[in-house]
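Here the structure of chain A is known, so what remains is to put chain B in place on it, guided by the hints.
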Amino acid sequence: MVSQQLTLTNPQGFHMRPASVFASAMGKYKSSVTIKFNGSDYNAKSLLNIIAACIKCGSEIEVICSGEDENEALAEAVELIEGGLGE
Amino acid sequence: MPGFPSARLVRGIIMLKGTPASDGIGIGRVMIIEEHSLEYTPKTVTDTDSELERFRAAVKEFCENTGAQVEALRQSTGDKEAEILQGHIQMISDPYLCGEIEKLISDGRCAESALEHMCDMFIAMFSATDDELTKQRAADVRDIKSGVLRILLGVKEIKISDAPKGTVLVAKELTPSMTAGINKDNIVGIVTETGGRTSHSAILARALEIPAVLSVDGAAAKLSSGEQVIVDGNEGEVIVSPEEAQLAHYNEKRSEFLQERRELENYRGKKTASASGEVYELFCNIGKPDDAVKAIEFDGEGVGLYRTEFLFMDRTSAPDENEQFEAYKKAALILKDRPLIIRTLDIGGDKAIEYLGLEKEENPFMGFRAIRFCLKNRELFKTQIRAILRASAFGDIRIMLPLVTTVDELREGKRLISQTAEELKSEGVAVKENIKVGVMIETASAAVMADVLAKEADFFSIGTNDLTGYTMACDRGNSDVSYLYSALQPSVLRLIKYTVECAVRNGIDVGMCGEAAADSRMIPLLISFGLTEFSVSAPSVLKVRKTISKWTKEKADEVAEKVMSMATEKEIDEYLKTVI
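Going down the list, the protein sequences come from chains A and B.
Under our numbering, the letters of the first sequence match residues 12 to 98, in that order.
Under our numbering, the letters of the second sequence match residues 2 to 581, in that order.
With the rest of the complex left out, here is chain A (with noise of 0.2 Å):
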């Protein structure tokens, strides 16, 4: 398993498009992936439960990735994360 504290610094924070493109990325691995957020877990792969975290600009959240691919999928997580998410 492995994890990472992250800032979401995109303006919208985690909403309908940002959300989308990081479940759907997230969605390709074989790993679960998991966001830590205000105590709670949400299934990362997911863009309801995404979207049901209801996660703003400027948040403290932890990306847990386990399973075979779990580096990877960490790496794309921050990546996507830290740019932006494309917005």
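The hints are simulated quantities; they were obtained by calculation from the structure and are not laboratory data.
Beta carbons: idealized from backbone N, C-alpha and C, even for Gly.
Treat the hints with care, as some may be off.
Just a few of them, taken from the derived set where beta-carbon distance is under 10 Å, the chain A residues facing chain B [stated by the list, open to error]:
#: 1; residue: P22
#: 2; residue: Q23
#: 3; residue: R28
#: 4; residue: S35
#: 5; residue: K47
#: 6; residue: A63
Chain B in isolation, oriented as in the chain A frame:
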């Protein structure tokens, strides 16, 4: 309503009130969009494999239908609107959602019940958040649920695309998938029972330029299919079975509106410039963060006055720093890099806000209010400043102090702001460096002191409503003295001219955010004096841009010179009417 003074009083005429959501006037016949019943009896399935097949086939059909609607919408209204529906495909393709539904089916639930169970769970989750955008997503999940249920149950979709010419659509709620079927040549008006100016229905109606009145209580029950109605999207009114005279009146209003809209559209996306090439800033006045959406829709170049009072009204305690921060940040994010001038709390004894402990006073407009009140209630003021400064990291935010009468007030305000900024920085919070602090010129004292204030303020904004009231010592609400209330009074014009000249001489921006900024009689004078920014209500933006474009500086100077030599308001008003 000139020409037809009392539509409301005509016997037998029913008028329904709602929220004006898309401008214009539509006259046509009602078509009620009835939701077909999507009820079913949940049952236990034994052949779970074929039930899974049935579910997957329904999802596939839903995605195909929606994909076709996305294309249609992209053609008719553009990418932004199509994206909402595109999102439906992404949502129903969510592996978690599908996985859970399929699990339920494998456990013996029927597809309908499994789908409903999971969708309702997300609808409840989204609705429970305190975030407006997330709440709106609940409507999308509801739309998806009925879309897939309809396919599973074999219920025919309502075909709005078949509506005949001259149809007024009446529905409980206009779902994005319904709007996709709208042919704007045939639909002349929209009436719904839910939704406000910022709902999907409203945004789509405006994109399609179809007049719409939303949030009309019981519209579907009160109206019947085939009935003739007038939809007045400017006023938020629906007139049922109008008489000849009303029809004629509204037909005329309609063509005037359409002609003006066509003319004004030529000014959309253009710079605000005079005929001789001077460029101006043209901003909007707003009261709530959502109004910023309207400002952009009407092509405003920024916000020249954000009245923060609304945040403090109709509640039992003051909004805390975070609530204010979220509101200011929201406005800043909507505006992106366009300027946002936030006016600090402008409130006094005339407003009943119990928790502020404002006492009733004999003369609230001359009393303890606005900057005077804020400088004495440091904690309240500082909370607001902290919230504004925190939000300043998200856009081009500037701060404006209301009702300044002395230089001391500006100095004290600026001192508090820079001290608060330092505190925030030491807490590691990002704030904009050297945030601009300006003064609202709305008292005679501030106008007379403009030469001094201009050396210490970063900008001026002239509030003509109060400036006129204070200068003329007249209450516009008192009909015995309201004849005195006019920004075209020579005394008021002298103060405006002096204020603008002092600003220009000191190289600071000077705007006007009172009603006079949109007055076509005032505009040539402001051009001549040297105003740099106009801030008006959103629907006036294109009109003001058009008026400004008609004047050259030279011609405006001529007019202003004549006006400033005149002795009475009447003379000035009559003369200006001949030149505009």
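Hint-by-hint comparison with the structure:
At about 5 Å, the closest approach between the beta carbon of P22(A) and any beta carbon in chain B falls short of 10 Å, and the interface hint on this residue holds. A hinted interface residue such as Q23(A) counts as satisfied when its beta carbon comes closer than 10 Å to some beta carbon of chain B; here the least separation is about 8 Å, so the hint holds. Look at R28(A): its Cβ gets to within about 8 Å of chain B, closer than 10 Å, so that hint holds up. Taking 10 Å as the C-beta contact cut-off toward chain B, the hint placing S35(A) at the interface holds, the least distance being around 8 Å.
Among the interface hints, the one on K47(A) is violated; its C-beta lies about 17 Å from the nearest C-beta in chain B, farther than the 10 Å criterion. With a least beta-carbon distance of about 4 Å to chain B, the hint placing A63(A) at the interface is held under the 10 Å criterion.
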